[in-house]
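A.B. asks: Sequence:
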Amino acid sequence: MNVIFKGVEDQRIKDSFLKVMKEYESLHDYQITLTQSRIKASTMQAQPIINLKSIFTGIKKYEIKLGVYVRDSETITVADLPEDVLTGWFAHELGHLVDYEAFSNIKMVLYGLKYLISEKFKIKVEHAADYIAIENGFRDEIIATKNFILNHETLEEAYKEQIRKYYLSVDDVIMCSKKEPLMKPKVGT
0 MNVIFKGVED QRIKDSFLKV MKEYESLHDY QITLTQSRIK ASTMQAQPII NLKSIFTGIK
60 KYEIKLGVYV RDSETITVAD LPEDVLTGWF AHELGHLVDY EAFSNIKMVL YGLKYLISEK
120 FKIKVEHAAD YIAIENGFRD EIIATKNFIL NHETLEEAYK EQIRKYYLSV DDVIMCSKKE
180 PLMKPKVGT
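Numbering-wise (numbering that gives the first Met the number 0), the sequence shown opens with residue 0 and increments by one.
Think of the hints as simulated: they come from the structure by calculation, not from any bench. One or more of the hints may lead you astray.
[To be verified] Simulated crosslink set (EDC-like; lysine to aspartate or glutamate; CA at most 16 Å straight-line):
{"no.": "1", "residue 1": "K64", "residue 2": "D9"}
{"no.": "2", "residue 1": "K60", "residue 2": "D28"}
{"no.": "3", "residue 1": "K5", "residue 2": "E62"}
{"no.": "4", "residue 1": "K39", "residue 2": "E73"}
{"no.": "5", "residue 1": "K13", "residue 2": "D79"}
{"no.": "6", "residue 1": "K121", "residue 2": "E160"}
Computed from a predicted structure; not experimentally measured.
Go ahead and model the full structure; you've got the sequences and the hints to work with.
C.D. replies: Written out as structure tokens, the structure is:
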């Protein structure tokens, strides 16, 4: 595994990320940077690192941006999240990186644009990340993360509504058996 931590002070966060990363064997050949800083739009964001050089060489690197606080909160720190919630969040974000693997760096630019402008595509992408996390053994942790967000009294209703709109529901995740293979949606371009 080629993991770089930037701005991540809490050892529990590092350990949790590495524990989840270990289960995503297809990502072990890529450089993945976990960068913690203040971000407003979300709690975590997984994205490819694309620059002019990587477009032509095809070398893939990824970054997961990690907030100091849970989105819409100045009191709930990521470091204080319950272990299963933190694990589920990382499993979902790494699910995005697995989804990105099939795309060239050029196609990832188009993928990103499509994510921004198409609600239908965004739903497919977020569902795919959850399915991938579940396939990698993180079903219970995905449920814990969703329940944490949806049931936390201090998180804004608009954030909860976004979770309900774009992501698998808790009931959908519960229906995913740990023993049955999943038929995950093809995101494609």
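A.B. asks: So which of the earlier hints does this model not fit?
C.D. replies: none
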